[in-house]
Every structure is written in structure tokens, then in C-alpha cells.
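Novice: Here the protein sequences line up with chains A and B, keeping their order. So the first sequence is numbered by the numbering used here: it starts at 1 and just counts up by one. So the second sequence is numbered by the numbering used here: it starts at 1 and just counts up by one.
Since the hints were made in silico from the structure, they are not lab data. In this text, all values refer to a predicted model and were calculated from it rather than measured experimentally. Glycine included, each C-beta is placed from N, C-alpha and C at the ideal position. Check each hint, because a few of them may be wrong.
What the hints assert, rightly or not - For each label pair, taking beta carbons as the anchor points, the in silico distance ranges come out as:
| # | chain 1 | residue 1 | chain 2 | residue 2 | range |
| --- | --- | --- | --- | --- | --- |
| 1 | A | E136 | B | P85 | 16 to 26 Å |
| 2 | B | G13 | A | A16 | 44 to 54 Å |
| 3 | A | D68 | B | A266 | 39 to 49 Å |
| 4 | A | G144 | B | H135 | 49 to 59 Å |
| 5 | B | A266 | A | G112 | 19 to 29 Å |
| 6 | A | H140 | B | A154 | 45 to 55 Å |
| 7 | A | R219 | B | H135 | 48 to 58 Å |
| 8 | A | Q76 | B | L162 | 18 to 28 Å |
| 9 | A | G144 | B | Q300 | 49 to 59 Å |
| 10 | A | H140 | B | H135 | 29 to 39 Å |
| 11 | B | V233 | A | G112 | 18 to 28 Å |
| 12 | B | A19 | A | S115 | 26 to 36 Å |
| 13 | B | L20 | A | A16 | 50 to 60 Å |
| 14 | B | L147 | A | Q88 | 37 to 47 Å |
Residue strings, one per chain:
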Amino acid sequence: MSRPLLETRQLIVDIAGQKLVDRLDLSVAGGERMAILGRNGAGKSTLLSTLAGLRRPAGGTILLDGDDAAALPPRQAALRRAWLGQFQADPFASSVLETALTGRHPHLGRWGWESAHDIELARRALGAVGLDGLEERRIHTLSGGERQRLAISTLLTQAPPLYLLDEPLSHLDLNHQMAVLELFADAARAGAGIVMVLHDPALAYRFCNHALLLHGDGRTESGAVDAILTAPVLSELYGYRLRQIDDGGCRCFIPD
Amino acid sequence: MPNRRRAFLILTGLGLLAALSLGLALMAGSLRVSGGEVLAAVVGRGGSAADIVLQLRLPRALAGFACGGLLALAGALMQVLLRNPLADPYVLGISGGAGVGAMFAMLLGLPAFGVDGLAFAGALTAMLLVFGLAHGDASWTQTRLLLTGVIVAAGCGALIALMLTVAEEYKLRGMLFWLMGDLGQSGRWWPALAALGFALLLCMPFARELNLMTRGLMQAQALGVAVGRLRYVIYLLASLATAVSVTTAGSVGFVGLVVPHLLRIAVGNDQRLLLPASVLAGGSLLVFADTLARTLIAPQQLPVGVLTALIGVPLFLFLLSRQPK
Numbered sequence: 001m002s003r004p005l006l007e008t009r010q011l012i013v014d015i016a017g018q019k020l021v022d023r024l025d026l027s028v029a030g031g032e033r034m035a036i037l038g039r040n041g042a043g044k045s046t047l048l049s050t051l052a053g054l055r056r057p058a059g060g061t062i063l064l065d066g067d068d069a070a071a072l073p074p075r076q077a078a079l080r081r082a083w084l085g086q087f088q089a090d091p092f093a094s095s096v097l098e099t100a101l102t103g104r105h106p107h108l109g110r111w112g113w114e115s116a117h118d119i120e121l122a123r124r125a126l127g128a129v130g131l132d133g134l135e136e137r138r139i140h141t142l143s144g145g146e147r148q149r150l151a152i153s154t155l156l157t158q159a160p161p162l163y164l165l166d167e168p169l170s171h172l173d174l175n176h177q178m179a180v181l182e183l184f185a186d187a188a189r190a191g192a193g194i195v196m197v198l199h200d201p202a203l204a205y206r207f208c209n210h211a212l213l214l215h216g217d218g219r220t221e222s223g224a225v226d227a228i229l230t231a232p233v234l235s236e237l238y239g240y241r242l243r244q245i246d247d248g249g250c251r252c253f254i255p256d
Numbered sequence: 001m002p003n004r005r006r007a008f009l010i011l012t013g014l015g016l017l018a019a020l021s022l023g024l025a026l027m028a029g030s031l032r033v034s035g036g037e038v039l040a041a042v043v044g045r046g047g048s049a050a051d052i053v054l055q056l057r058l059p060r061a062l063a064g065f066a067c068g069g070l071l072a073l074a075g076a077l078m079q080v081l082l083r084n085p086l087a088d089p090y091v092l093g094i095s096g097g098a099g100v101g102a103m104f105a106m107l108l109g110l111p112a113f114g115v116d117g118l119a120f121a122g123a124l125t126a127m128l129l130v131f132g133l134a135h136g137d138a139s140w141t142q143t144r145l146l147l148t149g150v151i152v153a154a155g156c157g158a159l160i161a162l163m164l165t166v167a168e169e170y171k172l173r174g175m176l177f178w179l180m181g182d183l184g185q186s187g188r189w190w191p192a193l194a195a196l197g198f199a200l201l202l203c204m205p206f207a208r209e210l211n212l213m214t215r216g217l218m219q220a221q222a223l224g225v226a227v228g229r230l231r232y233v234i235y236l237l238a239s240l241a242t243a244v245s246v247t248t249a250g251s252v253g254f255v256g257l258v259v260p261h262l263l264r265i266a267v268g269n270d271q272r273l274l275l276p277a278s279v280l281a282g283g284s285l286l287v288f289a290d291t292l293a294r295t296l297i298a299p300q301q302l303p304v305g306v307l308t309a310l311i312g313v314p315l316f317l318f319l320l321s322r323q324p325k
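Use the sequences and the hints to build the structure in full.
Specialist: Structural data, given as C-alpha cells:
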């Protein structure tokens, strides 16, 4: 039995004095895909950035590959997990390839420069999200969806065992949403662990095997998607009555 | 594309530019000295003009180079720290603090070292004040830091205006020259040059991490940068570099804002190249400007700060208009 890539013990997350997650025990192993669902403001992004070590938890511990994340030097942490944040503006000009190459940072020594191998990895990552041919483009000339795919390719360049994805589908049109989810499904088949914040329970059902539901008042529920992504549970989560339709391997939810 | 060879070539080119600026500074003046004589004097072979070159022009040129380098470096660092391409070394009130100290010393009629001492003390006071206030609740966001700095600078500006108003007339010229930036009074070149070497050595190992900081603090941290610690280091380093420069040459404007900006357009935003390139280009610009300042309407001298702007503005606008969209 290998160590889980990510583990939380009695994790407490709060923001501005309000408890969002109360004593959460969680474990993500290689190959596992976990969806985080909840209403706006329920703490999905806050939890995810806490898991990434970018925020201090109000209590409990987070283990990355068995080691306490709080005690891990930032570079070591960056070799064990990657984090996709929500869209941010860039005040300085930069090219697409340079941006994708930033993912190699934790792999390089203090005085190191990117090698031909690193550039090859970045090009391949850009190709994987359909941005090949745009390497020399300035990033501020990209569309929102292209920016999002560039951010994803930076994560692929970083090539960690664990991906923490905050709304990986934002700004993406339907075909790219599916392509990105397939991409991470492939990564999981190759042994990576995936945790992603999603808004669509149907996609969560189709592409994840676990789901974590945040109620926003500290209560959390988790379990296999089959058991937990059901109309009664989700109706309560979102505070709106949903109808469930099963069709082959897919399950979708329609607002009543 | 980032690569070592390109960086080396560009830095070599800028190194030659720096050497040219220093050479010109040693040759030009009320007494023209030929290149050969300058070389002879510098390598210690004497010559008729050795005294002028070594005693007068060389210290001033080196002080100018060091100050220009410090300002450009501090500007580049501030722009990264505040994630704002419009930031400059003076935006956080350090030159304002130094100005208050220097004006007060001149008002009292203190000798040169007193002016320098109070200017440096003023710069440090402003730095600690801004840091303390902005850091108040340990959050110190960029906006808060910037706002605190701008307000402290405004307060310093008011104090300076007050002192200029009450100063006797014969002191005014010296005070104005200091405020505009002037290398005529800078006797000691080695503290500034040593500070420049020290600052550059200290920030180069963090250059790639600074690249990531320009993309956002969370992103940088997620990619393995110890953001909290690095921001302290950069703030202190940029502030001290500014303080040393201002103490040596007064508040020479424009170099710190425009040189990093100009180089970013020309060579890209990789701090591994941008920081040393800024040092060389900033130093060269200030030495060129100072050479012009002392020769243009000689024997009358101009404050060098006026010249840096007069050279920098058209150059900058030209590059900006040629930048590919």
C-alpha cells in the first residue's frame, strides 16, 4: 500500500472568522480523481489553496506524500503538487512559451537556465492543450480560454504527481472542457492524483471517482460519486430541487 | 527566449557601452584629454593630465556610474515587488525622506558630510516608516504598500517645500541642485560602488524567482518561491540601494523608472538578464548625462537630473513607438 499523495487530518479552514471546513479527514491516492462541489462562497477555492499550502489552515495538518506540508520548503512542495488558480492579470508582457516554461522552476537549480529538454517539455505541454504554433505570441493577446489552457499547460510542464485544480473549465468552450478533462483523466491513469473544483455535477460524475461536498457551514460530505452524487444530496447542497437522469455511464441533473 | 549565450552577448555589449561612457567622462571637460593620455593616467603611467583625470574626473564618473546602476537596479526591483511597471525607486518615499534630511542639514549650514549623513538617516527613517505602517497587520498588500509610500512621499514633499520657503537666498541654489540630482558634490565614490556590487550579488541568485513574482504572488508560491521572505529581501535591498544613491547624488530622477522599462522592451522581462543589464545601462546613462551636464554650457554646470530626463524621454518614446503590438 503506497502512501497517499495528499492527506488531511482534522483540517479546519476558516475565512474572516467563519468556519468553512470543520475537521476534515481526506486522502487522495495516485490514480484517484476527486471533485469538490459546493455553492458559491462555500469555500471550495479557499480549501484548495489551503491544500496547496498557499494559506495557513486554522487547525489540523496537511500531508503531501507523507510529509507535513507546513514544514516542507516551497520548492519541495512544488515538486509534489501543482495548483491552478483562477484567472489573474499580468502587468508585464511575456510570451506563451516563456509562461509555460515557468512550470520548470522547481526542477531547476538556483543558477540554472532552462535547457533544450525543458523547452521540449513546454512545447509538448502546449501541444497537449492545443496551443502549438502560438509559442511566440504575447500572452495579453490571448483570449480568456487560451489563457486558461496556457495556465493548464504550465501545470503539465511542472509535471507533479498531484494536481489541485481550481475551476479548470472556466472560460473554456465545450470541446476544450472535454479535452481538458480527458487530459487529466489520462494523467490519473498514468498515476497522478487529481483534485478539482467543478460546477457541473454531471461532469464530476463522469470524470471523477470521488466527490467532496462543501456545505459552507463547516459540514462536509464525501464518498464515491455513485453514492454521493444523487438528486436528493445535490438538491440539498445547492438548495434547489434537481431531477436525476441516468443514461448509460452518464448521469445528469436537471433543475426542476 | 531565455538562454545564457544571448544574455552574455547583451551584457558584453552593455559593458562596452559602460566603458565608453566612462572613457568619454574622463576625456571631456574644460581641459580636453586625449584617449591615450587617459589610458596612461588610469594605468598609472602619469602624464600631464593625470591629476585632473584621477583626482577630479574618475571619482565623479565612478560615483555617477554607481548611482545610475543603483537607481536602475532599485527601479527594476520595485517594479517587480509592486508588480507595477510604473513604479520607481522614489515611489515609496525614500528620496523624499532623504530630501528632508538633506534640506534640513543645508538649512542649518552643515558641511557636506553632515548633509550626506542626514540624507541617509532621512532615507532610512522613511523606509522604516513606510514598512512599519504598511506592514501593520502583517498583510502588506501591494496596494497598501504603494499607498503608504505615496502618502509618506507627499508629506516629505510638503516639508521640503516648507524648508525651501524659509531658507536664505544664498542657500537656495545648492538646495535646488541637490533636489534635482547633482554629482558635483559627491566626493566619495567607493561606498556607492561597493553598495552596487553588493546589491547585485545579493539579488542575482533570486532572479528566476523574481520572474515568477511578476506573475502573481500565489502563482509564484505554488511554483516554489518563498514569497514572504523574498519580498522582505527585495524591499530592503531596493530601499537601501535607493538610499545610498540619493545620499551620494541627490534625487536624480528618471533613471530608475525608465532604464528597466526601456530594457524590458529591448531585451525582455527575464530578471536574470534584466537586473545586470539595468545596472550597466543605468550607470552608463548617468555618466553620459553627467558628462553633458558639466560640458554643455561650461563653465556653468547643469544638474544631472535634468539631463537624464532630457536624454531618456525621447529615447523612451522612440522605443515605445517601435514596439510591436
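Novice: Against each hint, give a clear statement of whether it holds in the structure.
Specialist: Hints versus structure:
| no. | hint | result |
| --- | --- | --- |
| 1 | E136(A) <-> P85(B): 16 to 26 Å | holds (21 Å) |
| 2 | G13(B) <-> A16(A): 44 to 54 Å | holds (53 Å) |
| 3 | D68(A) <-> A266(B): 39 to 49 Å | holds (46 Å) |
| 4 | G144(A) <-> H135(B): 49 to 59 Å | violated (35 Å) |
| 5 | A266(B) <-> G112(A): 19 to 29 Å | holds (24 Å) |
| 6 | H140(A) <-> A154(B): 45 to 55 Å | violated (32 Å) |
| 7 | R219(A) <-> H135(B): 48 to 58 Å | violated (37 Å) |
| 8 | Q76(A) <-> L162(B): 18 to 28 Å | violated (54 Å) |
| 9 | G144(A) <-> Q300(B): 49 to 59 Å | holds (58 Å) |
| 10 | H140(A) <-> H135(B): 29 to 39 Å | holds (32 Å) |
| 11 | V233(B) <-> G112(A): 18 to 28 Å | holds (20 Å) |
| 12 | A19(B) <-> S115(A): 26 to 36 Å | holds (32 Å) |
| 13 | L20(B) <-> A16(A): 50 to 60 Å | holds (58 Å) |
| 14 | L147(B) <-> Q88(A): 37 to 47 Å | violated (21 Å) |
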